[in-house]
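Engineer: Both chains are given apart, each in its own frame, so use the hints to dock them into the complex.
Spelled out, the chains give:
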Amino acid sequence: METTTIEARPASAVPVPARERASALQTWLSRLGPFLGLALVILVFTVLSDDPGRYLSPFNLRIVLSQTVIVALGAIGMTMIIVSGGIDLSVGATIALTSVVTALGINAGWPPVLAVVAAVLVGGLVGLTNALLITGLRVVPFIATLGMLGIARGIAKWLADEQTVPVASTWVNELVVTFPRPEWLVLAPGVWITLALAVLVAIILRNTVFGRRVFALGSNEAAASACGIHTNRLKLWIYSSAGLLFGLAGVMQMSRLRLGDPTVAIGTELDVIAAVVIGGGSLNGGEGSILGSMIGALIMAFLRNGCQQMGWPNYVQEIIIGMIIVLAVALDGLRAARTR
Amino acid sequence: MAKPALEIIGIAKRFGPTVALDGVDLVLEPGEVHALIGENGAGKSTLMNILAGKLRPDRGEMRVLGEPYAPASPLEARRRGLALIHQELSLCPHLTVTENILLGVEPSRWGWLDRRAARRRALAVLENFSHPEIHPDRRVGDLPIAAQQVVEICRALVADARIVLMDEPTSSLGRDDVERLFALVRRLSAEGIAVIYISHFLEEVREIADRYTVLRDGRGVDTGTLAGTTNEHLIAQMVGRTMEDLYPSRRRAVGGEVLLEVRDLVAPPAVRHASFELRRGEVLGIAGLVGSGRTEMVRAVFGLDPAQSGTILLRGRAVALRGPTADRLRQGVGYLSEDRKGEGLALPLSVADNLTLTRLSACSPGLGWLDLRRQRAAAQRWIEALGVKARDPMQPVGTLSGGNQQKIAIGRLLHQEAQILLLDEPTRGIDVGSKAQIYEVIARAAEEGKAVLMISSYLPELFGMCDRLAVMSRGRLSPARPIEEWTPETVMAAAVGTGVD
Numbered sequence: 000m001e002t003t004t005i006e007a008r009p010a011s012a013v014p015v016p017a018r019e020r021a022s023a024l025q026t027w028l029s030r031l032g033p034f035l036g037l038a039l040v041i042l043v044f045t046v047l048s049d050d051p052g053r054y055l056s057p058f059n060l061r062i063v064l065s066q067t068v069i070v071a072l073g074a075i076g077m078t079m080i081i082v083s084g085g086i087d088l089s090v091g092a093t094i095a096l097t098s099v100v101t102a103l104g105i106n107a108g109w110p111p112v113l114a115v116v117a118a119v120l121v122g123g124l125v126g127l128t129n130a131l132l133i134t135g136l137r138v139v140p141f142i143a144t145l146g147m148l149g150i151a152r153g154i155a156k157w158l159a160d161e162q163t164v165p166v167a168s169t170w171v172n173e174l175v176v177t178f179p180r181p182e183w184l185v186l187a188p189g190v191w192i193t194l195a196l197a198v199l200v201a202i203i204l205r206n207t208v209f210g211r212r213v214f215a216l217g218s219n220e221a222a223a224s225a226c227g228i229h230t231n232r233l234k235l236w237i238y239s240s241a242g243l244l245f246g247l248a249g250v251m252q253m254s255r256l257r258l259g260d261p262t263v264a265i266g267t268e269l270d271v272i273a274a275v276v277i278g279g280g281s282l283n284g285g286e287g288s289i290l291g292s293m294i295g296a297l298i299m300a301f302l303r304n305g306c307q308q309m310g311w312p313n314y315v316q317e318i319i320i321g322m323i324i325v326l327a328v329a330l331d332g333l334r335a336a337r338t339r
Numbered sequence: 000m001a002k003p004a005l006e007i008i009g010i011a012k013r014f015g016p017t018v019a020l021d022g023v024d025l026v027l028e029p030g031e032v033h034a035l036i037g038e039n040g041a042g043k044s045t046l047m048n049i050l051a052g053k054l055r056p057d058r059g060e061m062r063v064l065g066e067p068y069a070p071a072s073p074l075e076a077r078r079r080g081l082a083l084i085h086q087e088l089s090l091c092p093h094l095t096v097t098e099n100i101l102l103g104v105e106p107s108r109w110g111w112l113d114r115r116a117a118r119r120r121a122l123a124v125l126e127n128f129s130h131p132e133i134h135p136d137r138r139v140g141d142l143p144i145a146a147q148q149v150v151e152i153c154r155a156l157v158a159d160a161r162i163v164l165m166d167e168p169t170s171s172l173g174r175d176d177v178e179r180l181f182a183l184v185r186r187l188s189a190e191g192i193a194v195i196y197i198s199h200f201l202e203e204v205r206e207i208a209d210r211y212t213v214l215r216d217g218r219g220v221d222t223g224t225l226a227g228t229t230n231e232h233l234i235a236q237m238v239g240r241t242m243e244d245l246y247p248s249r250r251r252a253v254g255g256e257v258l259l260e261v262r263d264l265v266a267p268p269a270v271r272h273a274s275f276e277l278r279r280g281e282v283l284g285i286a287g288l289v290g291s292g293r294t295e296m297v298r299a300v301f302g303l304d305p306a307q308s309g310t311i312l313l314r315g316r317a318v319a320l321r322g323p324t325a326d327r328l329r330q331g332v333g334y335l336s337e338d339r340k341g342e343g344l345a346l347p348l349s350v351a352d353n354l355t356l357t358r359l360s361a362c363s364p365g366l367g368w369l370d371l372r373r374q375r376a377a378a379q380r381w382i383e384a385l386g387v388k389a390r391d392p393m394q395p396v397g398t399l400s401g402g403n404q405q406k407i408a409i410g411r412l413l414h415q416e417a418q419i420l421l422l423d424e425p426t427r428g429i430d431v432g433s434k435a436q437i438y439e440v441i442a443r444a445a446e447e448g449k450a451v452l453m454i455s456s457y458l459p460e461l462f463g464m465c466d467r468l469a470v471m472s473r474g475r476l477s478p479a480r481p482i483e484e485w486t487p488e489t490v491m492a493a494a495v496g497t498g499v500d
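Protein chains in written order, with numbering that gives the first Met the number 0: chain A, 0 to 339; chain B, 0 to 500.
Chain B on its own, in the form it takes in the complex (with noise of 0.2 Å):
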């Protein structure tokens, strides 16, 4: 038998106290198409840095083709016939699509470019993908997104590679380019080209993949075949537990004192009339299609955009409609942003300040100074409680998984002591462990007595943690009813404006 294309034992990394990789082995065959799968953070996107050269193990050793394989830089690793396909795109947007694809490995002589060598061999792969529009002259900048991924594409292969890594690399495609990549995979295998393929998404993975590996908290916890292998299992491996416990069980509010109310709000155009109350101790959820008007409505009650009429009261009391945020935030309302890159956290800044910005007061002093001890072990705190997994408080929040900023994001509302929790989509985008956490602490915050709105377009979440629910509908709010009088049916139905109201 050939040796394996690619050797992996015992590899572990550690950044500071925080371990990514904990003794990962995987053997790759000549020709295999191998999934790994795992959550955020489970150590994926480590392990390919160390494999393309980018990251050095702390422990354990790799083999190409039987050769011991130790890449001290990106340029050995494509030397030694790996190329990485990244999860996000790495592109240069002033370059033409020629130079893009053969970056690193320019044709030249005597130092000067050889263009027609290099539109040559550019064309040569571009031919795997039908793209008329991906000219080799234009300038990738210029392309969308999934053409700019193809180019990637197509640069990981320009390299005559013996082993692809591909990090997430239908993110951004389309159904056609994914069933062309797919294509070209199984192009690739039949040449005798290893594929590892890491991808979240399941029925992708079974399409595409003969063997997996899952990778859990920086450990290969199983590995097998897929044709033998159900997708409950494969869940289970990665989250380490099975799914029905991933809605918290707690105690059912009725008829706890009204926090909120929001009578015939008005906040054109996205939001023509909605009112609902919100009542201490519940979830009441909010579902509706994307554009319905349901983060509008949030924004408004939060003073974020103006509203035109209607009334907001808490506790009873009548706030102004245009009250500036910052009354809001006195008033104890907080608010998770759906955008969390965005307008949700303040990336580069730490996690300590990313959760303490909205209630500094905490860890101050007096007189407008900071105690930054006190800061930091707030932060500390909050970290433990929300079982984030980062190094240190001090950290850029931009550095954690998506899951981890999430828990970031909410831990703010938190330290804030906000009494109402306006949730615009809190487990979009995140892994499932962390969707798990996250429903956890909504739990919790319901039980000791906030009220809690949450949005969602994903309807199990809904189901699984609402005691009540309402539906927006072109800008339009049906009354809320209780979680048991709906059904996933009526919801969609309300949501496309055919049945209730």
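Only chain A is shown next, with the shape it has when bound in the complex (with noise of 0.2 Å):
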């Protein structure tokens, strides 16, 4: 009888890793798919289109790019939100709220600079507030955020006394034109913001104890938590310094439409969210890429674009960003099969 064990030693059969070659294989794949499918969007509509000269024209690229801009910004920051396993609804309300700020202060009389600033603390106030209702009141993120939506919506229409706000002519409305000067510049400066903010967080997410820990946070949040990590203090940070993104986003919607607009981006969270996660990230957290997110944002300007240009209506394009986005989850959910 039952003398030496209490429990019947399992077999020490140890599991074998039968999934190692066609991982690194679909590693590659996934890696590859953004690229991928910026090339194939490009494709059809050079095929589709009447006059593939004019789509794939130094002028077309510049007008894609400059469009690509705010829904860029919100990408780099909605990056390190998902890759740390959170997700923030509020980034459309935020750019609302922040192209107002941006708006009013300019006409206050402040100088365009301070003006930008200030809007670009009011999205890291944004993203705080987030944080601190996500870690204080631990309310999930999704739902933290879609309160947050609300609010600062209602802010900024209250700001804004519900009306849109024209602004005076500064050289903030000359950030995401199509033809910048001086010429030799090529791209709006908003693109090469945009371009050097996401090397920037690019290098910071790869070879930074921050950016190590964001993906560990999002990979398992108790294990990050049982190895001395203070994972509240560093969703604050994340929050934040997304939200100072979110800011600078709406600096260039306001740049954009030359006016603060209290209802303007509504809906935009979805496509920086779709660009995230075309791009390779994963809403169960621990992966993502800026690289890819970037991509990601791309696919949605040329197809945004593409459709334009096809003179198809509106509601077409609704139809093809919803579907991708619905692709695109999809393909997230195979990827999230694989690693579990």
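Hints were generated in silico from the structure; no laboratory data involved. C-beta atoms are modelled at their ideal positions from N, C-alpha and C, and glycine is treated no differently. A couple of the hints might just be wrong.
Claimed, not checked - With the C-beta cut set under 8 Å, the calculated list includes, among others, these residues of chain A facing chain B:
1. P111
2. L113
3. T207
4. V208
5. A223
6. S224
7. N231
8. R232
9. G285
10. S288
Claimed, not checked - Cβ-to-Cβ under 10 Å is the rule here; a few derived chain B residues that face chain A:
11. G9
12. W111
13. R118
14. G223
15. T224
Structural biologist: Written out as structure tokens, the structure reads:
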């Protein structure tokens, strides 16, 4: 009878990693995926277009890049949040709020630099508030930022007195123009700023302790916490710095419309999330890259631009982009099934 | 004499009304390997979590090398030289081996990661194990489980720990890795590092530890040196009773009414032929190797998997072979899955929901409404009747210990008022105390006139519990014979297909 053991020892068979080689291939595919998607979108519209020369012209490329700026800036911040296992639905509302703040600041006679800085800081403040709701009140990110979506949008309308805020002409209005001055810039200043920030955040995520802890947090929060990482403090930094980027996106929004608009950018958060997910970000956390997210943002921009060039009505764009989002999340699900 | 590495004095911790620890004392000398043994739910994990800074004790004090120790966070515990190796893996699957090992203590300059230093330090600890496949740059999620466990252990070692807490560290290691781990523990011990070693496996504990402390119901009930102590003594201390009492005595039932009869059941590919009858008041055992088709046979009887041919009679009446499971429930058949976490329980749901799910009508005034107060009261009755350790019927069942979860899973069949209980490995993976309680529940059910079919891979419990026994071998079920006619040897011979039939 039972004398030496309390429980039968499980057979000492060690699980063998049967999926290792397949996994390496799939990793490559999922890394290449966004590039293939972008190439496919451009190819399809080049073929469909009556005038492929115009679709691929430097002029059109400049337009697309300028149009990408807002979603791309949002996607840089959202990448950090999604990699950390979170989500932020308040991006569109934050963009509207900070576009109003920029316009009001300039109209109040502030130096334009100050108005821009104020808008960026307001974005950071919204992010900080999100993080405090998530860590302090222990509201899940989805709900906390859904609430903030309403709050930020409401404050924007309140500040703007429920109207658009036309703004005096300053250099801020030139940030995302198609033909920048001086001409040697080639691309709009906003495009260069976005590119620089993308490189900066990519390096931070890759090469700093902070960046690796963002990945650790999203990969296994309990493990990160057991290793002595202050996960709540980390979340404050993540959501706040992402908020700064959303604030800057609001400045770009103001610049593009040349007015502060409290009703602008409705649903932009979905474009931003879609860009990250198309670019390989996992909504389960732990996975994602700035490069991928930027490609994702470009895919969205080329899609919109292509539909416009084809003269397709707005609803066609909306349907296609909706399908792309579902497809991207389905791919995310397949990837998650592989890792679990 | 040197100061003790760790002193624990009168540590107590409650969770609501549940007392997890009730004044535990323990002294750990430098270089000592101290075994902490006890049933699931005895408070071992709570004590480890307090030591590792994840929980704060309600009472008592701790000292590390004579200095007061009251860690406010896991980080502080790590800084004071305590490292916890978890029972469940707590790794970040997306990060590399190096990143996982150095998580929380990354070498850096001005916040910038020093990858070369990190790699060097990771390699230095990895050298303790000869595991060439654990490349420092590999993603941990791509490694086999045993290799992941090694990474977890390396993480504890990299932080210059003075005291290492190991909570069932060998549960997913093969024998080779266990040997290497033990060699490592001995080396740590020679360097003056103290180790608290938690394990269920007594022979393993004997191999590695010098002294032991037995925890029972949150109290340290016995401590001593392993060399002068028998396993019987240890088990008796853990369980609080001797092994002879494990199987309850009951009057053996013969010739009761046949409640379930299965004739020539075929459910390919796993079940090739099965016939048996199950009588009121009896416990029928089904032995056999894992994969012999035992589970598939019961699933087919319960209507979970389609049977190809054969007859199933409930109280003499033939029922549809492909009858949906809902029909079986209505016909008074209850089924306990062998996979408690996967399909036996809805872990995030409450104890009450899990207990009453198969017969919610008992808690309903009609029209599909649920009387939550009645549901709660019913759950409370079962919790008491089954001796479940739970704070509250509304607590998620996943927060209970394995043994208590299993009691809830069986309690559901009782709440359902099933007359025919089909139990697949009812005591797998649970502690001795819970096993004894579950045997008691099964014996009581049989005495009340229910019919019990019990699949088990553990021969002593089949011999202790069953009236009759049949053996499954390669999809064929032997005729059931009275338990007295079997010996462990004949059962094994039938299971591997050399003896009977």
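Engineer: Each of the hints needs a verdict: does it hold here or not?
Structural biologist: Going through the hints against the structure:
no., hint, in the structure
1, P111, "32 Å, violated"
2, L113, "29 Å, violated"
3, T207, "5 Å, holds"
4, V208, "5 Å, holds"
5, A223, "7 Å, holds"
6, S224, "7 Å, holds"
7, N231, "11 Å, violated"
8, R232, "11 Å, violated"
9, G285, "4 Å, holds"
10, S288, "12 Å, violated"
11, G9, "26 Å, violated"
12, W111, "6 Å, holds"
13, R118, "13 Å, violated"
14, G223, "18 Å, violated"
15, T224, "18 Å, violated"
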